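**Student:** Can you build the whole structure from these sequences, using the hints too?
Listed below, chain by chain, are the residues.
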Amino acid sequence: MADPKSLYQEVILDHNKKPRNFGTLAQPSHKAEGHNPLCGDHISLTLHLEGDRIDNIAFQGEACAICKASASMMTSTVKGKTREDAETLIQEFRDMATGKLDLQTPHHLGRLTVFGGVHDLPTRVKCAILPWHTLHAAFHSVASASTEADDDPMHAPIGGA
Amino acid sequence: MNATQPVRKSAAALDLARIRAEFPILGLRVAGKPLVYLDNAASSQMPQPVIDRLVRYQTTEHANIHRAVHYLSETATREYEEARRRLQRFINAGEDREVIFTSGTTESINLVMHGYGRKFIGAGDEIILTTLEHHSNIVPWQMLCEEKGAKIRVVPINDAGELLVDEYEKLFNERTRFVGLTHVSNALGTVNPIKSMIAFARARGVPVLIDGAQAAPHMRVDVQDLDCDFYAFSGHKMCGPTGIGILYGKAALLETMQPFKGGGDMILSVSFEKTTYNAIPHKFEAGTPPIAAAIGLGAAVDYLSALGMDAIAAHESELLDYATGQVGRMDGVRIIGTAKAKASVLSFGVEGVHPHDVGTLLNQEGIAIRTGHHCAQPVMQRFKVPATSRASFAFYNNVGEIDALVEGIRKVQKVFA
Chain A
1 MADPKSLYQE
11 VILDHNKKPR
21 NFGTLAQPSH
31 KAEGHNPLCG
41 DHISLTLHLE
51 GDRIDNIAFQ
61 GEACAICKAS
71 ASMMTSTVKG
81 KTREDAETLI
91 QEFRDMATGK
101 LDLQTPHHLG
111 RLTVFGGVHD
121 LPTRVKCAIL
131 PWHTLHAAFH
141 SVASASTEAD
151 DDPMHAPIGG
161 A
Chain C
1 MNATQPVRKS
11 AAALDLARIR
21 AEFPILGLRV
31 AGKPLVYLDN
41 AASSQMPQPV
51 IDRLVRYQTT
61 EHANIHRAVH
71 YLSETATREY
81 EEARRRLQRF
91 INAGEDREVI
101 FTSGTTESIN
111 LVMHGYGRKF
121 IGAGDEIILT
131 TLEHHSNIVP
141 WQMLCEEKGA
151 KIRVVPINDA
161 GELLVDEYEK
171 LFNERTRFVG
181 LTHVSNALGT
191 VNPIKSMIAF
201 ARARGVPVLI
211 DGAQAAPHMR
221 VDVQDLDCDF
231 YAFSGHKMCG
241 PTGIGILYGK
251 AALLETMQPF
261 KGGGDMILSV
271 SFEKTTYNAI
281 PHKFEAGTPP
291 IAAAIGLGAA
301 VDYLSALGMD
311 AIAAHESELL
321 DYATGQVGRM
331 DGVRIIGTAK
341 AKASVLSFGV
351 EGVHPHDVGT
361 LLNQEGIAIR
371 TGHHCAQPVM
381 QRFKVPATSR
391 ASFAFYNNVG
401 EIDALVEGIR
411 KVQKVFA
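As you go down the protein sequences, you meet chains A and C in turn. Residues 1 to 161 (our numbering) are what the first sequence spells out, left to right. Residues 1 to 417 (our numbering) are what the second sequence spells out, left to right.
Please keep in mind that the hints were generated in silico from the structure rather than gathered at the bench. Nothing here was measured: the structure is a model prediction, and the numbers come from that model. Just so it is clear, CB atoms sit at the ideal spot from N, CA and C, and this is done for glycine as well. Be careful, since some hints might not be right.
Claimed, not checked - Result set (SDA-like, lysine to any residue): computed pairs, CA atoms no more than 20 Å apart in a straight line:
(1) Lys384/C - Gln9/A
(2) Lys384/C - Gly61/A
(3) Lys18/A - Phe416/C
(4) Lys411/C - Ser6/A
(5) Lys17/A - Glu351/C
(6) Lys17/A - Ala417/C
(7) Lys17/A - Pro386/C
(8) Lys151/C - Ala417/C
(9) Lys414/C - Leu13/A
(10) Lys79/A - His108/A
(11) Lys411/C - Gln9/A
(12) Lys384/C - His42/A
(13) Lys17/A - Phe416/C
(14) Lys148/C - Glu174/C
(15) Lys17/A - Lys151/C
(16) Lys414/C - Val327/C
(17) Lys18/A - Ala417/C
(18) Lys18/A - Lys414/C
To be verified - Rough simulated footprint, nothing fancy, chain C against chain A, three-plus residues with beta-carbon under 8 Å:
(19) 33-40
(20) 90-104
**Tutor:** This is the structure in structure tokens:
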């Protein structure tokens with residue numbers, strides 16, 4: 001197992017403590033709620049598309065450090081990017097978190113690779129992915145995303161007493 | 001003292017070194033550190049005598065039960081029924097036929113919902129549950145209410161996590177048909193005053209089911225003294241295997257109930273015109289049961305009884321008191337659930353740190369705790385938290401492991417400082 005402390009790196013702890021783009025847009029063009037019913041993580045995402053470009057984005061909610069930092073870094077990264085570029089990042093981030101992406105091959109994740117270690121912690125993968133999931137839902141005008149939805153590729157309940 | 005029953009001062013102290021040596025898994029190292037297993041409320045570990053019993057069954061005694069006339073079938077049947085009597089003695093049930101093997105507490109409660117609830121509870125009837133219930137003692141009753149048009153009334157708790165017994169008594173009316181009540185809260189550790197609550201309900205002719213999943217492993221349970229109608233618990237939380245649990249029910253009630261599952265072994269005769277059901281407990285044990293698991297659970301309760309439930313309760317009470325003191329005096333740590341009577345569970349929150357982050361970082365220290373809502377979301381809502389961190393103790397835990405927990409929490413705070 002990789003050292004989970006490597007996941008709790010300075011950059012992640014910093015984004016958890018001082019989340020960027022924290023709040024709600026007054027007049028979003030797209031929005032969605034993200035839930036992880038198993039751990040109670042909840043984020044709401046609002047964004048504004050100007051043409052095909054994300055000119056503003058914000059998130060709010062209560063979540064663990066991994067989820068919150070992921071949301072903070074996601075919003076910082078996709079702000080100003082086109083929807084298409086963001087969709088590419090969603091795919092790449094999901095693949096990285098589930099261990100399907102070889103980080104040696106070309107990708108666009110940049111400093112988001114600090115979340116690369118999460119795939120060694122199966123119960124935490126969903127925490128990292130939830131914001132990206134929610135962004136995907138917002139693009140596709142789905143009101144809410146859940147890590148436990150039937151079509152969720154990450155479906156793997158933690159459950160139990 | 002934290003148990004419902006007075007702990008006898010004369011209870012022999014546990015020989016912890018000897019006991020720990022009997023649990024092979026406690027020798028494990030996790031993340032390069034000695035395992036500190038504090039997730040016993042989710043599932044406990046298994047001592048060598050129980051492991052050996054499973055091996056002996058599987059290597060020299062196994063065949064299907066209640067069927068063939070050959071040696072192995074007779075041996076397996078005898079050992080399975082002997083296990084039932086071991087469980088009967090463990091909870092002091094009046095008769096062995098009042099002890100039904102199920103897959104666990106969840107199935108035990110579902111059995112009562114289907115067998116009793118669907119037959120005797122109808123539209124407009126009321127079922128009393130409490131805020132402290134595990135989802136497994138909520139959801140089956142909601143399913144019943146949806147089907148029948150019955151209604152659930154909920155007993156509230158105070159800020160310490162104790163049931164408001166006055167409010168419980170006020171919920172009773174002429175439509176009250178059933179009470180579902182947890183003995184010990186899995187999320188907070190609160191020990192409920194079930195004996196007087198059972199007496200109150202029974203005086204009004206209302207049957208009571210006790211969810212004993214978090215009590216049976218930690219204190220002496222006497223179902224005749226409690227006078228409950230049903231008592232449900234799980235094997236894997238008390239040193240037994242998974243996939244096995246118990247439903248105790250009063251014989252007179254069990255006999256009036258409809259079967260839950262249909263199949264082999266639960267019938268006397270079958271034709272396409274009419275099937276005659278078998279007598280209790282077999283009426284409720286359709287199909288081939290988990291024979292090995294039942295025999296393993298029989299060995300587990302004998303193991304616990306040999307240590308003495310009073311000695312177990314006394315030791316765990318000391319552990320909980322010590323942990324409450326040590327964790328409680330830490331800055332930025334809040335204990336959730338401060339009932340006067342508690343057993344085995346310490347739920348807490350670390351200020352500014354989500355429980356899942358606490359859990360992941362403690363795991364790095366080799367410490368296993370549970371984080372999440374503990375399948376008790378109404379409790380989480382009551383305390384306005386999405387989740388808690390929960391350390392839960394068993395008799396094989398020691399003070400050194402609690403010191404490790406405290407040190408681990410300090411490290412978590414340092415990471416998030």
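**Student:** All the hints need checking, so say for each whether the structure fits it.
**Tutor:** So, going through the hints one by one against the coordinates:
1. With a CA separation close to 29 Å, the supplied pair lysine 384/C and glutamine 9/A exceeds the 20 Å bound.
2. Restraint check for lysine 384/C and glycine 61/A: satisfied, since their Cα atoms lie roughly 14 Å apart, inside the 20 Å limit.
3. Between lysine 18/A and phenylalanine 416/C the alpha-carbon distance is near 12 Å, which keeps this suggested pair within the 20 Å criterion.
4. Distance hint between lysine 411/C and serine 6/A is fulfilled; the C-alpha atoms sit about 15 Å from each other, no more than 20 Å.
5. The suggested pairing of lysine 17/A with glutamate 351/C holds, with an alpha-carbon distance near 12 Å, which does not exceed 20 Å.
6. Among the hinted pairs, lysine 17/A with alanine 417/C is consistent with the structure: their alpha-carbon atoms are about 10 Å apart, no more than 20 Å.
7. For the hint linking lysine 17/A to proline 386/C, the alpha-carbon distance of about 19 Å falls within 20 Å, and the restraint holds.
8. Of the pairs offered as hints, the one joining lysine 151/C and alanine 417/C is violated, with about 48 Å between alpha carbons and a cut-off of 20 Å exceeded.
9. Between lysine 414/C and leucine 13/A, the direct Cα distance comes to roughly 11 Å. Compliance with the 20 Å bound is thereby established for this hinted pair.
10. Between lysine 79/A and histidine 108/A the CA atoms are separated by roughly 14 Å; this keeps the pair inside 20 Å, and the hint holds.
11. Restraint check: the Cα-Cα separation between lysine 411/C and glutamine 9/A comes to about 14 Å, which is no more than 20 Å; the hinted pair holds.
12. Straight-line distance between C-alpha atoms of lysine 384/C and histidine 42/A comes to about 14 Å, which keeps the hinted pair within the 20 Å bound.
13. Taken as a hint, the lysine 17/A and phenylalanine 416/C pair is honoured in the structure, with Cα atoms around 8 Å apart against an allowance of 20 Å.
14. Distance hint between lysine 148/C and glutamate 174/C is fulfilled; the C-alpha atoms sit about 17 Å from each other, no more than 20 Å.
15. Note on lysine 17/A and lysine 151/C: the hinted pairing is violated, with a Cα-Cα distance of about 45 Å set against a maximum of 20 Å.
16. Between lysine 414/C and valine 327/C the alpha-carbon distance is near 16 Å, which keeps this suggested pair within the 20 Å criterion.
17. Restraint check for lysine 18/A and alanine 417/C: satisfied, since their Cα atoms lie roughly 13 Å apart, inside the 20 Å limit.
18. Distance check on the hinted pair: lysine 18/A and lysine 414/C sit about 17 Å apart at the alpha-carbon level, within 20 Å; holds.
19. Only when three residues or more bring their CB closer than 8 Å to a CB of chain C does the claim for the stretch 33-40 of chain A stand; here the count is 3, and the claim holds.
20. Counting residues of the stretch 90-104 of chain A whose C-beta sits closer than 8 Å to any C-beta of chain C gives 0, which falls short of three, so the coverage hint is violated.
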